[in-house]
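Participant: Take a look at the letters that make up each chain.
Protein chains: 2
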Amino acid sequence: MSARDLSTLIPAARDGKPTLVIKNARVINVFTNEITEASVAIAGDTIIGVGNYSCENEFNAHGAYLAPGLIDGHVHIESSMVTPASFAQVILPKGTTTIIADPHEIANVSGADGLKAMFALSRGLPLDIRFMLPSCVPSTPFEHSGATLNAADLGAFLDEPNVLGLGEVMDYVSVVSCAPDMLEKLKRFYDRPIDGHAPMLTGKALNAYCVAGPRTDHECSNFRELKEKLRNGMYILIRMGSAANGVLEMLDGIVSEGLPTDRICFCTDDKHLENIRSEGHINHIVNTAISRGIRPLDALRMATLNTANAFGLSRIGAIAPGYRANLILFNNLHTIEPKTVFTNGVPFDATAPVPSPAVSDCVKNSVHAAPVTADDLKLPVQDFMPIIETVPHQLVTRLVYRVVPHDASGCFVASEGLNKLAVIERHHATGHVGVGIVDGMHVQGGAIGATVAHDSHNIVIVGDNDADMLFAVETLRRAGGGFTVVSNGEVKALLELPIAGLMSDAPVETVLEKQRALLDAARALGTDDACDPLVLLSFLALPVIPEARLTDCGLFDVSTMSFLYRT
Amino acid sequence: MSARDLSTLIPAARDGKPTLVIKNARVINVFTNEITEASVAIAGDTIIGVGNYSCENEFNAHGAYLAPGLIDGHVHIESSMVTPASFAQVILPKGTTTIIADPHEIANVSGADGLKAMFALSRGLPLDIRFMLPSCVPSTPFEHSGATLNAADLGAFLDEPNVLGLGEVMDYVSVVSCAPDMLEKLKRFYDRPIDGHAPMLTGKALNAYCVAGPRTDHECSNFRELKEKLRNGMYILIRMGSAANGVLEMLDGIVSEGLPTDRICFCTDDKHLENIRSEGHINHIVNTAISRGIRPLDALRMATLNTANAFGLSRIGAIAPGYRANLILFNNLHTIEPKTVFTNGVPFDATAPVPSPAVSDCVKNSVHAAPVTADDLKLPVQDFMPIIETVPHQLVTRLVYRVVPHDASGCFVASEGLNKLAVIERHHATGHVGVGIVDGMHVQGGAIGATVAHDSHNIVIVGDNDADMLFAVETLRRAGGGFTVVSNGEVKALLELPIAGLMSDAPVETVLEKQRALLDAARALGTDDACDPLVLLSFLALPVIPEARLTDCGLFDVSTMSFLYRT
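So the protein sequences, as listed, match chains W and X.
Read in this note's numbering, the first sequence has 418 at position 418, and its numbers run on one by one without any break.
Read in this note's numbering, the second sequence has 96 at position 96, and its numbers run on one by one without any break.
Derived from the structure by calculation, the hints contain no laboratory data.
Misleading hints may appear alongside valid ones.
Stated by the list, open to error - Computed cross-link-like contacts, DMTMM-like style, restricted to lysine to aspartate or glutamate with a CA-CA straight-line distance of at most 25 Å:
id: 1; chain 1: X; residue 1: Lys116; chain 2: W; residue 2: Asp191
id: 2; chain 1: X; residue 1: Lys187; chain 2: W; residue 2: Asp45
id: 3; chain 1: W; residue 1: Lys17; chain 2: X; residue 2: Asp181
id: 4; chain 1: X; residue 1: Lys23; chain 2: W; residue 2: Asp45
id: 5; chain 1: X; residue 1: Lys514; chain 2: X; residue 2: Asp361
id: 6; chain 1: W; residue 1: Lys23; chain 2: X; residue 2: Asp181
id: 7; chain 1: W; residue 1: Lys17; chain 2: X; residue 2: Asp15
id: 8; chain 1: W; residue 1: Lys227; chain 2: X; residue 2: Asp15
id: 9; chain 1: X; residue 1: Lys227; chain 2: W; residue 2: Asp15
id: 10; chain 1: W; residue 1: Lys187; chain 2: X; residue 2: Asp15
id: 11; chain 1: W; residue 1: Lys187; chain 2: X; residue 2: Asp159
As the list claims (entries may be wrong) - Pairwise CB distance ranges (calculated):
id: 12; chain 1: W; residue 1: Pro141; chain 2: X; residue 2: Ala3; range: 19 to 27 Å
id: 13; chain 1: X; residue 1: Ala120; chain 2: W; residue 2: Ala179; range: 32 to 40 Å
id: 14; chain 1: X; residue 1: Asp252; chain 2: W; residue 2: Gly293; range: 25 to 33 Å
id: 15; chain 1: W; residue 1: Ala374; chain 2: X; residue 2: Gly312; range: 37 to 45 Å
id: 16; chain 1: X; residue 1: Arg523; chain 2: W; residue 2: Arg4; range: 19 to 27 Å
id: 17; chain 1: X; residue 1: Met200; chain 2: W; residue 2: Thr8; range: 25 to 33 Å
id: 18; chain 1: W; residue 1: Ala3; chain 2: X; residue 2: Val391; range: 53 to 61 Å
id: 19; chain 1: X; residue 1: Gly155; chain 2: W; residue 2: Glu160; range: 19 to 27 Å
id: 20; chain 1: X; residue 1: Arg295; chain 2: W; residue 2: Arg224; range: 24 to 32 Å
id: 21; chain 1: W; residue 1: Arg224; chain 2: X; residue 2: Ala179; range: 54 to 62 Å
id: 22; chain 1: W; residue 1: Arg4; chain 2: X; residue 2: Ala3; range: 51 to 59 Å
id: 23; chain 1: W; residue 1: Val391; chain 2: X; residue 2: Asn33; range: 38 to 46 Å
Please read all numbers here as calculations on a predicted model, not as lab measurements.
Glycine residues also receive a C-beta, built at the ideal position from the N, C-alpha and C atoms.
Can you make the complete structure from the sequences, with help from the hints?
Facilitator: Set out below in structure tokens:
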């Protein structure tokens, strides 16, 4: 509903004239913690009453539970590699009807154009998408991103429909040290929701961060951290997506200490489409919470009303007159698997594809790398060479020093299990190329490359020979972005990501199929089960995760926040 | 704090450099329901940390409890008859540090000028005053008020600092029937807080009202009503001021059913200054709630964080970094009597008067009544004359029909315990005069008059002889508004209310003294203990309280919403 619908909705509610009635439901009221057997009356996209209703268009719930649609408090749609429409198609059947999205990835590639493209791609979908504006573009000064968004750039979007506030303020160093542009952003969004992102921040530094304005946090990884942030007034978004550190311990702490849950919510941040299909989405977190002893109605409220409150949304997250008719129907109060999901008052048909708005041209053809030659991939070695060592099943890496093989000219030769890693600036054809060494990827006889490389999304390539690495770059360039696995001059697998080099416009099933093919091809090159080599590769260029990372500027030591060498 | 203070507050929090430390307190955390022994660090007007702190300026709490300052969710300052500064002086010692004020009364007299005057009078006070813009000016079409505020008039104030949203939407008939100007107001404030006011509204009419936007209600008078409105998503403001219907029953219901309290708050609406002095203010409601079995920390949260949430205020109502340093210190967790109250980080000195900003000229000299003569007060009688009968200890009245005494010309003569009542239009000198008969006031040998006459605040006079009634009108006219008791052409008591005829600019003690003198003088005329004759008089012209009222247009039957006669 919008303000202009009041003149039809008020009479519909007053006169009891719904356009749809959901009959025989056990209706969950998140305000009173009650379950009542009733009908829910809907006019258009809005609930107009709970009680006794009938009309021509009735949906029989046959005694199933009816709850508000679930809300994901923090998610990056781009990380799913599909459009918002396709993302909707995957998560709606799991009961998530609203997401708070942070288009941080596309903004790092395409700046304000990227934001506009995401807003356009999100319009008119059955999924309710609200936006937090990315606060850290670029994420760090240690790499070259496609764009810079300063306070004034973000301010221009304040009145955009569905823009709520300022997205995760990852750069807590800038906050706590009062860096001028960060301060300017915080001032401009002073009266809006501001998302925090402050892993392990504690004590006075956390106090300073909270004074600065962030009011949510989705980075808690243990109960002690959760409790300190809750005490400080932050809404806690328990994250259970690709990352899910400490979730069980946090839930257990909440239960055992009887903490109030009304400022605790759920989010996924990033979650693989296949895992959403197999495990669920926000409902999976609800079910996990229930399994650890959170009362079902509390868990449902954490996934609905609490999140709406955290973001100041007053007409979603509950079943009451005036609330949007986003609803989920399910049989078992302890394991929520939606049978039917209503969005905007319409049962969602999971069998039909969700039509997507057109992709705007400004986010296509985003791969603008300068020509790369074998010379650009040369890496002169030192006696003890700093290299990146992967850690099984984790995204953190170790910084180690080794004697490494080299050729007659003193340049590194990938062998003895060591791979060459390259990060190639791809936004403004500056010719910046970072070259490094990685141990633990085990790529043999080929190369793997991607234009998804957090957070600046340059081209990242790992391989054991320069020819295949150069071929991978060319393959990605021709595809307009994506993921590829190549071997001996042949493309073994390719997922084209023509939207900013981050997202596909192909149907979900095609994307999933190509992702599986990529993984198979990577495995065929020797990568093992200790990691998803494609995900790991995407994170090797992110200079905020310990200990060593490669950017287009060189090899970076995250613990000292300085370059070990520049290339 | 404001956005521009971030550059000093962030470093103060980071480096642990407070300007004031409250030591040895038992600090109440409304987010986690914890009490911890700690110090609270404050920089300027803002809390920057809870823990171990010291600085040159320390305040020893000696182990007392420290809670956030209390919030009154709905109040009309004008009804206290003093300026916002004087009102602050009376309520701050009771621990109320923020009020959500609805300047409905002054708006009915002076329109937009009245609003501006109230904003100006509220600036820079130690009391945090937020405003809801009066939605119903005039309140009804059955009387003449001083001004009309339509949707555009209100919209002009949307960006005024401290304006939150739309004040109590009393005219629920207009809402439910989609009256165009009301709809326009609701649309304009669609994304802002809107206060409800819907006594006894239930079922589909309540649903329609909720769809329209009001998200709070302070008119519940029984638990059943409270629960229905809570289910419908309204924040409930339990009112305990001059009116306090059903409070105990509602509190008992909440306790016995174990209802969640996080959407239940407190307000006073109107409360006499003397009663605030003797009983308390919001702390009195907190104490009452505790005495009925609400847990003390829940009751405190109802009076702080919950109210802040209801109005979307993110930096008040808690003790946490970034929150305003409005705090109360008290010894007994079950009977909250503040020993010290901090506002904006400063202990409030209850012994010194709070300086008031200047009163703007546009709200002075507001009494513009046409000349009134004995002829204007003539009331031709009928065989069975409809009259207003008061009900002991209540503001409701009965409509009864009587044979009444009259003179040779067939006009009513006040005698046999019946008084004459007159309402004289006083805003635009239109000459409208309503004349009626009231039984139960028992005024003998004089008249009582006021320019406070809800909601249009015309002149209302009750008396037993026309000469004194006319003299009372002239006394009020000369005083520029107020309350008066006159007898035999002599002023027995007078409280001048030069600000819009509603508020005094005199010191609180002077106002209280004159109020007592007025009551004494009214008692001397024969009014009895069954009512406060001054309060009752102020409500006899309000055509929304059953059953019979007199406006400047005539005698009004509230149950049929029609005039019994026009004069």
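Participant: Check each numbered hint against the structure and report the violated ones by number, ascending.
Facilitator: 4, 6, 7, 15, 16, 18, 22
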